[in-house]
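Asker: One letter stands for each residue in the lines below.
Number of protein chains: 4
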Amino acid sequence: MEQQAVAVDYQAVLEQIAHDVSPLLGSGRPAEYIPALAGVDPARFGMAVADLQGNVYGVGDWRHPFSAQSITKVFTLALVLAADGDALWRRVGREPSGNPFNSLVQLEYENGIPRNPFINAGALVVTDALQTLTGDASSELLEFLREESGNKELAFDPEVAASEAGHGDRNAALAHFMASYGNIAGPVPALLDHYFWQCSITTSCADLTLAARFLARHGLRADGSRLLSRSQAKQINAVMLTCGTYDAAGEFAHRVGLPGKSGVGGGIVAVVPGRCTLCVWSPGLDAHGNSVAGVAALDRFTTLTGLSVF
Amino acid sequence: MEQQAVAVDYQAVLEQIAHDVSPLLGSGRPAEYIPALAGVDPARFGMAVADLQGNVYGVGDWRHPFSAQSITKVFTLALVLAADGDALWRRVGREPSGNPFNSLVQLEYENGIPRNPFINAGALVVTDALQTLTGDASSELLEFLREESGNKELAFDPEVAASEAGHGDRNAALAHFMASYGNIAGPVPALLDHYFWQCSITTSCADLTLAARFLARHGLRADGSRLLSRSQAKQINAVMLTCGTYDAAGEFAHRVGLPGKSGVGGGIVAVVPGRCTLCVWSPGLDAHGNSVAGVAALDRFTTLTGLSVF
Amino acid sequence: MEQQAVAVDYQAVLEQIAHDVSPLLGSGRPAEYIPALAGVDPARFGMAVADLQGNVYGVGDWRHPFSAQSITKVFTLALVLAADGDALWRRVGREPSGNPFNSLVQLEYENGIPRNPFINAGALVVTDALQTLTGDASSELLEFLREESGNKELAFDPEVAASEAGHGDRNAALAHFMASYGNIAGPVPALLDHYFWQCSITTSCADLTLAARFLARHGLRADGSRLLSRSQAKQINAVMLTCGTYDAAGEFAHRVGLPGKSGVGGGIVAVVPGRCTLCVWSPGLDAHGNSVAGVAALDRFTTLTGLSVF
Amino acid sequence: MEQQAVAVDYQAVLEQIAHDVSPLLGSGRPAEYIPALAGVDPARFGMAVADLQGNVYGVGDWRHPFSAQSITKVFTLALVLAADGDALWRRVGREPSGNPFNSLVQLEYENGIPRNPFINAGALVVTDALQTLTGDASSELLEFLREESGNKELAFDPEVAASEAGHGDRNAALAHFMASYGNIAGPVPALLDHYFWQCSITTSCADLTLAARFLARHGLRADGSRLLSRSQAKQINAVMLTCGTYDAAGEFAHRVGLPGKSGVGGGIVAVVPGRCTLCVWSPGLDAHGNSVAGVAALDRFTTLTGLSVF
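These protein sequences, in sequence, are chains A, Y, G and V.
Numbered per the numbering used here, the first sequence spans residues 1 to 310.
Numbered per the numbering used here, the second sequence spans residues 311 to 620.
Numbered per the numbering used here, the third sequence spans residues 621 to 930.
Numbered per the numbering used here, the fourth sequence spans residues 931 to 1240.
Just so you know, the hints here were simulated from the structure itself, not pulled from any lab data.
Being a predicted model, the structure only gives us computed values, none of them experimental.
Idealized CB from N, CA, C, for every residue including glycine.
Check before you lean on any hint, since a few could be wrong.
Partial selection, computed: residues in chain A whose CB lies under 10 Å from chain Y [unchecked claim]:
#: 1; residue: LEU88
#: 2; residue: ARG90
#: 3; residue: SER97
#: 4; residue: GLY112
#: 5; residue: ASN116
#: 6; residue: SER231
#: 7; residue: VAL239
#: 8; residue: LEU241
#: 9; residue: CYS243
#: 10; residue: ALA248
#: 11; residue: ARG255
#: 12; residue: ARG300
#: 13; residue: THR302
To be clear about the criterion: a stretch of chain Y counts as covered by chain A if any three or more of its residues have a C-beta under 8 Å from a C-beta of chain A, and this derived list gives those stretches [to be verified]:
#: 14; stretch: 472 to 478
#: 15; stretch: 482 to 489
#: 16; stretch: 559 to 567
Just need the whole structure built from these sequences, with the hints factored in.
Answerer: Structure (C-alpha cells):
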C-alpha cells in the first residue's frame, strides 16, 4: 500500500487525457470582458508535462500561444520572495479568501491587508513590491519567463493590456483603497500599468511547464541556481493549493489534489512536487473562471497516474 | 532530485521533535470557556505516529487522555460519506471559509449552506445527516473510534458535554438559522445534544493515530474492509488541508504542508497519504485555537522527514 | 408662509383618501408565511384618525379586526421606557439598520447590540426587558392596549401565534446569538413565546389610533396620567421616523414625512405630534413588507392636510 | 395641548444657548486629517438663526469663517434636483446606510448604487451628476451659495482642497468602484477635483442659515423664485433627518429632532420647516464626526422653543 515513485509514461498519459476530455471541448465560455480573449475558439485544447530534467511532453495545442493572465501571479510572487524574503508576508496574508463578495469588506476589516497573493488585491501588492524592488516589475517578470522557458520570443500583448486597462476601474478601486491604508508604496496609475502588462503576456503550455519547474525542483531554477529556499518553494505550492483557483480552490483540491494556478485565458499550471510540472489550456471557462476542460484534464491526470498529493 | 520513499525511523524522529519543541511547552493558553479543559496543564506534550500496518510510535504523553473536540469532525464526516455517498455535498460546501466574522453573513448569502464541514455550521449539518442516517449520531461515532483504535474504553465526558451545552447559544443560533433555510432535518435541541457529546469524547494520541489510518490507507479500515472509496479518502484529506485548522489553514499548509485537523482540546491529527498518520497533543493554544507546540511539532516532522505533500 | 395650525376636517379628508387610493386596492400581496394572514382579502381598506381629545374618525374597514404584528413593537418599547427609563438604550441602539442582509453580521460586529428596537433582534431585546420587568410581557402589552383603546375585547390570536412559532427558526437564531453575547436575560424559549403572542394581537384601526395617542400627546395617556416624559415620547417618534418601516424608512420619510410603524398584517400607525394619530389598514404588501394602499393613503393625508413634519 | 405657532425671541434663545453650552467648549477634537482644520481652536462657538423673511440672529462666532465640508452636500443635492428632477434617484438611494464598515460591501451588494446622497459614495454621484449637467460643478455650487447668502466673498480654500486631495485614496476607490458599475459618467480624476473643491468652501453661520432658507421656505429661493417643488424640499429635509449626521442620524433625530447636516469643519445646518433655519459651529468633534457643542446647542434650541418636528 506504500506509495511508490512509479515511472510514468507522460506522453501516453497525455494522449489518453486528450481522448478522455474531448467531449468537453467547447464547453464553458471564454472570458468576455477582454475582446482579444473573447474571440478565441473555445474548443482548443493543449497540455504539456515537464519532468525535473526539462524534458517536455505535449499533446494538442501545447505549443499554441495564449494569454497567461493570472498564472503570472505565481511567478511575480516567486520573484518577490526571492528578492526580499519573508518581508512580503507583512503586507499580504496566506489564507483563502472566502466568497467573492467579501473581497472589499475583508480588506476593510483587515486594514488593507489582502488575504493572499492570488486574489487581485494581493497580486497588486505583490506587483507593487516587485516594482519597488526592481523599478520595472513587468519587464522583470517577462525576462524571468523567457529565461526559464528558453523562449526569447515571449512578449506582452499591447491589445490585451489595453483591454484590461479599459476595464480597470475595479482594480483601481482596490489599489486606491489599499493605498488609503498605506499598503501601496508607489503611485497607483503606474502600478496598474505594470499589473495589466504582466497579465497580458502571451505564452504556451510548453513555455509555462518549463518556467514553473522551480516549484517541482524545491526552488532550483533551470540552470541549477537557487531561486527560492526549499521552504519558500513549499510555501508557494501551499498557497497555490489553498488559493490558486479563485473561489473553487476547495473543489480543485478535492478533484485534482495538486497545487495549481489558473488564469482567465484558459490556462492552468499545476505542480507535482519532486516529480513534474503541468500546464493545460482550453479557453472555455466555468462559472468560477477556471477552464472546464483544463480542470477535467488535471483530474484525469491524477486519476491515471496516482500523482495527487493526497 | 526525484522524491524517494525513504524509510523513516519514526521513534527517533519523535524523540528529536520532543526535544526541539520543549522550549515551547507552556506557551499559549488552554481553551477557557470549558472549565474541564481550562484546568489542564499547558506544558503537557505527546505525539504518536502510526504506520499503514498499525505499528504505533510515541513520545511524551502520547497515551494520556485528552478531549478530542473538533478532531471528531473528521470521523463524523467519514461516516456520513461512507453511509450516504456524495449526497452530503448538496448540503455543505468544500471551500475555505475566509475570516471568522463572515460565518453568519456567509450562511445568509449562500442560503443556509455552510462553506465546509469543519466550521461549526458545517459540522452541525454533518451531525444532523448522521443522526438522520443512524438515529444515534454520537454513539455511532464513539463505536467507530473504539473499533479503529482498538480501545474499548473510549467514552464521552459528561462534564465536558455539559460545559459545551452551557455555552451553546452560538451553536444554537447557527442550527436554527440553517433550519430556517430547511438545511437541518431533525429537531435542533437533539442535534445540539449529539454535537456536544461528540466533541466531549476523551481519547489519546495513540488512539487517534490508529483511528485516522483509513485516511492514509486510501479508505481502508483497520480490518482491511473499505470504509471510503479512494476518491472519498482523497476528498477528506483535501478538505483537511484547506479547512482543517480554523482560520489558519493557509498558515498550516504553509508551515506543515499536510492534511490536518485540530481541536481546542490541544490535539491535532495529520495525515501523510500512503505513509502514516500522526497525532500530537499539547493544550496551549494560539490565537486561532491551534496547539502552539502541536503545530511546531508537525512543522519539525515535515522538515526532518521531508514528508510534506508539497 | 409661516405654517399655521389649521383646523382639519378629518372625516372629509378620510373620505377623499379612500376615494383616491381605491385604484390601488388589491395591489401587493398579503404576508404568506402565516396562513391566517395569507387568507385575508387584499382589497380591504380602512383608515382612522384620533385627535388629542380622543375623537375618532374613520372610513372603510376602520373597525375591522386585523393582526397587529410589528405595530405592537411601538407599545412594548413605550412600556419598557416607562418602567425602566433609559437603561434600555444600553442594550439596543437607535440607528437605522441599513440593508437587510446585514442584520446578523451587524449583530456580530457590534457585539450582540441590535441597531434599533424595531428590527426583530431589537424587538426581542425589548420583549426580554419587559419580561424581566413584569414577568409577563405579552399580558402586560395586551392590558395596555385594552386600556388605551377602551376595547376590552382585544385578544391574542392563538392560531397566528402558532403559525409564527412554526416559522420561528430565524428569530430563535437571533435570540440565541444575542444570548451568546449576554444580551438576553431570560430563557430563549419563553422569550419567543411572548414575542409571538405579542405579534398575534388582533386589533383595528380604531383601536390603534386611540392606543397610540400618547405619542401625539407628548407622553400623556388617555386618562391624562403620564406614561412617558416629553423627551421619551419624542424619542419614540424619532425612532419610528428613522426605523419604523423596515428597509424603506427613508422612502417613507420622503413620501409621508411622519413617524410611522408598519406590520405585515397590513397596518400602519402614524403620528402627527401635537395634533393627531392615524392608523391605516390594507393587507396587500409591497416588497419591503409595508401596505401598498396604506403608504399611499398616508402620503395623500400629508399632501391634503400639509401635516407632514417636514 | 395643540402645538401653537408661538412667536420666538430668537436672539434671547441664542444667548441662552451660548450660556448653556459654554461648559462643553473645547470638548471633542477638530478633524485631524486636514492640517488646515486641525489648527482651529476647538473652543470657538457661533450660532445663527434666519427666519423666513431673511432676518438673521447670531451669537458668538456667528460671522467667523469656517470650512463648510459636507454641509455643501445639501446644496449640491438641491441643485441637481432643481436641474434634473427625480432622475437622480435612479442612481442613488434614500435610505440610511447602517454602520460604516458596510459602505463598500453595500455598494457591491447593491450594484454600485449608494444608499443615500450624503454618504461619500452618494455625494460623489451627485457631484458627477451636477458636473454632467453644468460642466463645472464646483463653480455652480459656489455661485449658488454666494447668491443665497448675499456674500460675494465666499470662496474655495485651495489649501484645504489640496489637503483633501492628498488624503483622497478612499474617495478615489469609491469613485472607481462605482465607475466599474457604470454609475459615474465623467472621468474620475476631474470628479475628485470638483468634489474636493466643493468641500473646501469657506463660509460662516450667517452665510449658511441664509443659504439654506429654501428648505424652510418649501423650495423658494431668497429672491422668491422657486428652486424646488414643495415635494422636493420635503424630500431633502427627510434625507437630512434620516441620513444627515453620519452614523449618528438616529441619535440626532432622538436628541434634536430636526433635519440637519453636519460637516467635519464643525458646522451643522438644521431646518425647522415653515419657520426658520439654523447654523451652529464649534470645531470639537465627537467620535461620529459631529460637533460636540453644535449638537448640544441644537438640542437646547428644540428644548427651549419646542420647535422639534416630533
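Asker: For this structure, which hints from the list above don't hold up?
Answerer: Structure breaks hints 1, 2, 4, 12, 14, 15.
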